[in-house]
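J.: Read off the chains here:
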Amino acid sequence: MSDDTLAILAIAGMAAATYFTRASGLWLARRFPLSPRVAAILEYVPGTVIVSLIAPTVLTRSPAEAIAAGVTVLVSIVTGSLPIAMTAGVAAVWLGRSVIGG
Amino acid sequence: MAEEVRFDLSGVRAGFVACLPITVSVFAYGFVFGLLTGQAGIDIAKAVMMSALVFAGSAQFVALDMWVSPLPVGALVLTTLIINLRHVLMGAALRPWFGSLSPGAAYGSMFFMTDENWALTMREFMRGGRNAGFLLGSGLAVFLAWVSATAAGAAAGGAIRDPAAYGLDFAFTAVFIALLVGLWRGRSDILPWLAAAAAAAAAAAFVPGKWYILIGSLAGTAIGAWQREPARDER
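For the protein sequence lines, the chains are V and G, in the order given. Just so we're aligned, residue 1 is where the first sequence starts under this note's numbering, counting upward by one. Just so we're aligned, residue 1 is where the second sequence starts under this note's numbering, counting upward by one.
Chain G side only, calculated, beta carbon under 10 angstroms to chain V, not exhaustive:
1) M49
2) L53
3) S69
4) A196
5) G216
6) I223
Hints in this document: simulated from the structure, not taken from any laboratory. Nothing here was measured: the structure is a model prediction, and the numbers come from that model. The beta carbon of each residue, even a glycine, is placed where N, CA and C say it ideally should be.
Okay, chain V solo, but in the shape it has when bound (with noise of 0.2 angstroms):
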């Protein structure tokens, strides 16, 4: 297959998996009810996955990810905005790279 082709059948299966988690949710609560225990465990869910997702990069690169990540997290919390704590890793990571050569 091209790889034209396979994007394209990429794209449609991801939003047909993404549909499905969308919908399944309202499907299965109106038949059947979510015990509260599987409930509370599908709750680390989000945050494990993100925590996984960015790891290897945080810990196993140069130290200017790790401290532009540790920028990241403290304005993020100061400021509560997304696009203010994205700018300012950026900044950090840049800064970082410059200062050691990373």
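Given chain V, work out where chain G should sit, using these hints.
T.: Below, chain G alone, put in the same frame as chain V:
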């Protein structure tokens, strides 16, 4: 429920207007996504198509990282499914208001459920709002910002040759860190998150491909389930 739930244009309009301030950060996030699609080798038409059809920020960012030739279609779809599993819980929480609507209105609205406008809609309902059109209206505002930002970012991306030289490759990580700060619920997250980080970093070093995302989140969720068991609470 004392008052009957409605679904009409006034609710859609109220949701759209209430969501406008949030669209600023959605636009910034979508712009970065668009910017990075060029680096991943996705053309602007497919970038916009992905944003309009998938319409799920974190899953789309992860897909960028997995976008290599030949495309791992199965892994992309499976990863998308796992990242979006939280939607199942969010959708279930809407049952008191969407349970009695017609299937068309209810399941049509679900396409437009994102983290941002779901939270806004839950707050509206908690405050006594009874118009379920709110979710659709606020979701449309997010949708328009997300898709137009993707197009703008993809168009601008061609102008930036080496994003790493400006630290822009870190934008993706920084966005997730900021989202993570918002997901923090307290001390019960410490152990699961540490376990996820350790497992993911170890898996990234030793397992090829993107399995570290799944391995890390399963490890963290397992620790979360373990510490929730009643015996643990007696410490």
